[in-house]
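Enquirer: Chains A and B are the protein sequences, given in the same order.
Just so you know, full-length UniProt numbering puts 231 at position 231 of the first sequence, and the rest follows in order with no gaps.
Just so you know, full-length UniProt numbering puts 210 at position 210 of the second sequence, and the rest follows in order with no gaps.
Hints may be right or wrong, so weigh each one.
Listed next, the stretches of chain B that the computed footprint assigns to chain A, with coverage defined by at least 3 CB atoms under 8 Å from CB atoms of chain A [as the list claims (entries may be wrong)]:
hint: 1; segment: 58-69
hint: 2; segment: 87-93
hint: 3; segment: 113-124
hint: 4; segment: 143-151
hint: 5; segment: 189-200
hint: 6; segment: 241-250
Just so you know, these hints were derived from the structure itself, not from any lab.
Computed from a predicted structure; not experimentally measured.
Backbone N, C-alpha and C define an ideal beta-carbon position, used for all residues, glycine too.
There are 2 protein chains.
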Amino acid sequence: MKIKRSERLIDITRYMLERPHTLVSLTYFANRYDSAKSSISEDLSIVKKTFRERGTGTLETVPGAAGGVRYIPEIAADEAEEFVKEMCERLSESDRLLPGGYVYLSDLLGQPSVLRQVGKIIATKYLEQPIDAVMTVATKGVPIAQAVSTYLNVPFVIVRRDSKITEGSTVSVNYVSGSSDRVEKMELSKRSLKRGSRVLIVDDFMKGGGTVNGMKSLIEEFEAELVGITVFAESTFSGNRMVDEYTSLLCVDDVNVREKTIHVQPGNYFTN
Amino acid sequence: MKIKRSERLIDITRYMLERPHTLVSLTYFANRYDSAKSSISEDLSIVKKTFRERGTGTLETVPGAAGGVRYIPEIAADEAEEFVKEMCERLSESDRLLPGGYVYLSDLLGQPSVLRQVGKIIATKYLEQPIDAVMTVATKGVPIAQAVSTYLNVPFVIVRRDSKITEGSTVSVNYVSGSSDRVEKMELSKRSLKRGSRVLIVDDFMKGGGTVNGMKSLIEEFEAELVGITVFAESTFSGNRMVDEYTSLLCVDDVNVREKTIHVQPGNYFTN
Chain A
1 MKIKRSERLI
11 DITRYMLERP
21 HTLVSLTYFA
31 NRYDSAKSSI
41 SEDLSIVKKT
51 FRERGTGTLE
61 TVPGAAGGVR
71 YIPEIAADEA
81 EEFVKEMCER
91 LSESDRLLPG
101 GYVYLSDLLG
111 QPSVLRQVGK
121 IIATKYLEQP
131 IDAVMTVATK
141 GVPIAQAVST
151 YLNVPFVIVR
161 RDSKITEGST
171 VSVNYVSGSS
181 DRVEKMELSK
191 RSLKRGSRVL
201 IVDDFMKGGG
211 TVNGMKSLIE
221 EFEAELVGIT
231 VFAESTFSGN
241 RMVDEYTSLL
251 CVDDVNVREK
261 TIHVQPGNYF
271 TN
Chain B
1 MKIKRSERLI
11 DITRYMLERP
21 HTLVSLTYFA
31 NRYDSAKSSI
41 SEDLSIVKKT
51 FRERGTGTLE
61 TVPGAAGGVR
71 YIPEIAADEA
81 EEFVKEMCER
91 LSESDRLLPG
101 GYVYLSDLLG
111 QPSVLRQVGK
121 IIATKYLEQP
131 IDAVMTVATK
141 GVPIAQAVST
151 YLNVPFVIVR
161 RDSKITEGST
171 VSVNYVSGSS
181 DRVEKMELSK
191 RSLKRGSRVL
201 IVDDFMKGGG
211 TVNGMKSLIE
221 EFEAELVGIT
231 VFAESTFSGN
241 RMVDEYTSLL
251 CVDDVNVREK
261 TIHVQPGNYF
271 TN
């Protein structure tokens, strides 16, 4: 029995959404639904149009015998802005203020709906650049790295500050923690990154930039290539920041421990 | 201009897939597409049928004025089995063997396509039980917890072995590491879990069960409720395992360090 167009559209949508940045041939769908390639081709233009109109992303058509379609997730600029504004409000809640002027983020970065948006927003920034891996440092960067890697459909690697026997041989670097001026160590499993990989660094929070700088050194040690740096939130930093080029979704620009107020504004994501 | 059925089907599919376990009213879709509720109702039956036939999950209809539809992600049994078989082969690769008989897993648990399946498989196990949060221990459990939480659409919380100033007040417990008989400490941010929460524990690997047992104690300290325990892989353990009831996707049942062989079979997920 032939599959109806309506059912094909639903299943194609699901299939493509689950496989971002993956080329799927028309033949695959033609076989899957026992339908003519011409019908599949029409289906795909409807999906493409709807994705574009609803801000779901781009369905890219690759012509030729080895061609097919590829789904590129993308967030619409106004949806991204609205989300970042909402996050500014959430981050400004005074009960997030911790001793030492730190801001509690773990609840937000443990919510699937927040991580979905953060992942899409960061991925949208790097649509034009080929990326082989997303890198972050344990523990709080992990959810962000995973969210981004889902939408870019590339693996993520986790740099650790503590050595673990379950990682095998590692490469380590020393780095200066910008905010405390202490020298610390971070390491990455040797087999987790190939030479020449193009790497995107993400993290939850950046103050002095020391941790991000450590990851940059690691990328050099692996003879890999840095594509970009994006953090969920940065805080204004009075000293010399160790990293110049980066993108932030949010900027914590004032923390008043005595009056228990936090002021947060959108980061340089929209202006960079 | 009215939106055509074909475009509605595509957008409804996308909208529901992005919001598992969330009740969406017919009125919402009727407004979104400026269409009659009767048309939306027909759309939803087509989506429901296709989701069922293609093993995408269940589109549950909730009748009444406060009703609507809810998408419950679910993996088909044969797709789950096929994936677990593939993982058995991947885990058996001899170059995963690390000194001490440990098995290198980080590459697999950093791949979005693997995590998607692991998340779906574990979530499918707990469809009938209400869950408020997924709990895991840093660092390697995090990707699994996040994947599961995406499909259950509940937050995940991360237990840590090291104290961090960015977590605020914490509750800590001591636990006995089953494999080494050492007493260690783990802690969880006080504000991350409400009293009475129903908690699902997940982790990457279980040997003696000490870590999982520690998380069980933490759940008690928070006066929360344990719903279940699922690990990606367990290894056969000669001593007394500290945890009785758990589910595993994979079972590493023989590691021969001298001959460099690892034998892995499906865990008790399919028989439990």
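Enquirer: So, for every hint listed, does it hold in this structure?
Expert: Against the structure, the hints:
Against chain A, the segment 58-69 of chain B contributes 0 residues with a C-beta closer than 8 Å to a partner C-beta. That does not satisfy the three-residue criterion, and the hint is violated. Given as covered by chain A, the segment 87-93 of chain B fails the check, having 0 residues with a CB less than 8 Å from a CB of that chain where 3 are the minimum. By the rule of at least three residues with a Cβ nearer than 8 Å to a Cβ of chain A, the coverage given for the segment 113-124 of chain B holds, with 3 such residues. Counting residues of the segment 143-151 of chain B whose CB falls under 8 Å from any CB of chain A gives 5; the rule of at least 3 is met.
Against chain A, the segment 189-200 of chain B contributes 3 residues with a C-beta closer than 8 Å to a partner C-beta. That satisfies the three-residue criterion, and the hint holds. For the segment 241-250 of chain B, the stated coverage by chain A is violated: 0 residues have a C-beta nearer than 8 Å to a C-beta of that chain, whereas at least 3 were required.
Of the numbered hints given earlier, the model fails hints 1, 2, 6; all others are met.
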